[in-house]
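As a plain string of letters, each chain reads:
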Amino acid sequence: MHSSTSSSEGTYPGVGRPWAVVAAVLVVFAVEMVVRLTPTHLLLGYGEGLGSYYEVVHTIDEYGAAEVAILGSSRGRESVVMPMFDAYLDSALGRDVYTANYSCPDARTSEMLLVTRKLMSAPVPPKVVLYVISPRAFHGDERSSQREEIFGVFPDQYGQDAAHLLASFSERPLWQLRNMLQENYMTFRYRYRIRNLLASLPRGRMPTSPTQGGYTPWQVYVRDRSLETHPISERQIRDYVSRLLDANGRYVLGAGRVADLEEIARICRAAGTELILVTAPISADLARHFPPGVLDEYDAILGRVAAAAGSRVLGPADLGLAFGPAEFREQSHLNRRGAEKLTKALVADVVQPTLSR
Amino acid sequence: MSFDSLHFIVFLMVVLGVTRALRDRVQARNAFLLVASYYFYGCWDWRFLSLILISTVVDYVCGRALAVRPDDVGKEPLKDRRRKAILTASLVANLGLLGVFKYFNFFIESAAILLAGIGFDPHPTTLRIVLPVGISFYTFQTLSYTIDLYRGKIATERNLLTFALYVAFFPQLVAGPIERARHLLPQLREARRVTRVDFSYGAYLVFWGLFKKIVIADNVSGFVANTFLGEPESGLYALLGIYAFAIQIYCDFSAYSDIARGAARCLGFDLMLNFNLPYFATNPSDFWRRWHISLSSWLRDYLYISLGGNRVGKFRNYYNLMMTMLLGGLWHGASWIFVLWGFYQGLLLCGHRLVEPAVAKLRPVEGTIAAGIWHAACVVFFFHLTCLGWLIFRADSVGQVAAFLRAIFGNFPGPAPGWMNFTYLATLTASGVFLFVIQFAQYRSRDLNIVLRWPTGIRAVFYAGCFLAIVVFGRIQGNAFIYFQF
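Those protein sequence lines, which keep their order, are chains A and B.
So for the first sequence, our numbering puts the first residue at -16; every next one is plus one.
So for the second sequence, our numbering puts the first residue at 45; every next one is plus one.
Just some of the chain A residues that point at chain B, by a computed CB distance under 10 Å:
| no. | residue |
| --- | --- |
| 1 | Trp2 |
| 2 | Ala3 |
| 3 | Val4 |
| 4 | Leu9 |
| 5 | Ala13 |
| 6 | Val14 |
| 7 | Gly32 |
| 8 | Leu160 |
| 9 | Leu164 |
| 10 | Leu181 |
| 11 | Ala182 |
| 12 | Leu184 |
| 13 | Pro190 |
| 14 | Asp222 |
The following residues of chain A were derived to be distant from chain B, with all beta-carbon distances above 12 Å:
| no. | residue |
| --- | --- |
| 15 | Pro106 |
| 16 | Leu278 |
| 17 | Tyr281 |
| 18 | Val333 |
The following residues of chain B were derived to be distant from chain A, with all beta-carbon distances above 12 Å:
| no. | residue |
| --- | --- |
| 19 | Leu66 |
| 20 | Val101 |
| 21 | Val117 |
| 22 | Leu122 |
| 23 | Gly143 |
| 24 | Arg344 |
| 25 | Gly352 |
| 26 | Cys394 |
| 27 | Pro408 |
| 28 | Thr412 |
| 29 | Val445 |
| 30 | Ile452 |
Treat the hints as calculated values from the structure; they're not laboratory data.
What you are looking at is a predicted structure, and each value in this text was computed from that prediction instead of being measured.
Just so you know, even glycine gets a beta-carbon here, dropped at the ideal spot from N, CA and C.
Kindly produce the complete structure, drawing on both the sequences and the hints.
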């Protein structure tokens, strides 16, 4: 076998002639045309990871802000069964209420502040924001420029990290370029829907998204999984928590994250939106493994922020709920059964009374 | 700055434009390429540029002191004490850098464990040393220069600018190929014309490399990470996880090499081939002629042959093979698991050398159907031996290797795939099948660039399909290239 850098490369009929590339460009262009001609509501799809942040931005751009908006991390995504939430609320109020769950995996208050700003910039801001929150929302203090820049926020990174000065110098124009691609190249913008479509071929059904009022894939495909059917060992939980600790063994509830929650509360208040903080249920096993004092500090932060902004903090106990191993998918996320229980309570005891006022 | 980022694509376009403008002014072109290479490296951490500068200056000075004139190349060189001292200085400086920045903590911690095992409590001092990206690659590259000079195989490079560019040339600086001075230096000394063929071929390599990295390797990585998170759910998952890692590491590393070679080609330079369908190898010797060729040939030329190679007795030859592979394993990372991987590779090579005469007698006559079946069976069998090596390479500990083997041989069928695993398995299957089809076509035709021979229409669909796959499935700025950590 000869090397690919042999002198015979010149004999390849395809090398140096542009026809195949030109034809390929035409194919790519044709795909773009098909995407552009497809109604947008068919193109918004379930995004994973960073994709979920894009999905939130594109959904708000397309539909505006939901009347009842849910914020949070993956705990927020999994804690509410959106079709049920929507149906119960419509039925309780006797009208169609636009609800959406804008929670994004691994989101901290910093990212939810960006979502809040995006929601408030819509022509009609939400009436109610339910922030399903957990200690993870305050974890650490580092910023994710990758996520912030999706929302058009370009933090001034110059000089913040001398070692990576050159990289930070060139970050901003590149993210602007990427955002520009998102705006103008629709195949790229709606790639998650295309992924969903292809992924659905062997399964026969498309994943739905809570951002558009649907189930999460976990709520559909592993709805019966629980800590009873799939127990998690002490060691696994210990390992999970230890990964969240800093070098000194502390679980840091970042001051910057607290300030971001205060800002969310301030923005909501200024817009006349009712912010309700709902503490996401976590399993008893996980709660036991947090370093001493962290959960108390977390509760104190929520209470302080809510009091200052005139918001409410509601925990499962306030709603008369308790969650056992049968209602958790694993240590930190509710399964479908647990989420249905919380959803019913949220509609009946929290959202419906608020909207009826 | 990673190859799979917008940053690199913009950077490459700027470099291509300026280099083209300077194409007839060699010194200006080299000066520009050197600045661009330092910028490229500095984007990770500019502080570590000092290490490249140290390596460059030390080997430049050693090279000047060794003073091999072009007329003397190929003649038996003097191996007097002075020349040996110069070579030793280069070895000490480069291996010293590697020792401090890559292996210091490993040796201290290993010594501490050993001492603790015999009853001492040594309270070791470990330093928080960050591994400078690419250090294993550029130190080996500069070492090859001084060793070749010492052996009289190349002439001294007198121009510091050219030599500095040889050390830091950005396409291969961070993860190879580990170039040889006799191949790259002559190219850097002359004006290079970039023909339309060069540019098209280079662009094709960059494109294909990007596809392998951000569509295949980064998408398969999710399943690998899930499987290697703890103990596998079943033997089936364990086996699929190992297959997935085999695909991931090949696509990740060969993608880097392809992009490096493609970018260099667009600039008018030729870098050596680093991968040649390694999973079609039929035995360990064959594998190492196909996998990370620039490292395996470096180890052969500068370590194995220096130890005596195969011009020694049988047992000394096995020792040489084993030592070469143990050090090759350690080159990959400061961890006993890589030493174990090197030991395993050494065992395979020694075992193959031992049984080869007996196996040769069983081999059917070439050109028959039986020979074809035999060949395919050898490929499949050796692929699984390679996979066992990848299990050792990827595992966190020997305990995890054991857990995977226990699952494969003791608990093969497992639960039906959940939602996440279903998605991962679909990705793995699609990636594996696509890669196999392309590579089988390359293997059958004995032509790595068979795609370029396809009719225009088929190539158009292939290019468009790969581009759309990058747009839709690509994980842009996803995972760092695996070999950056070495």
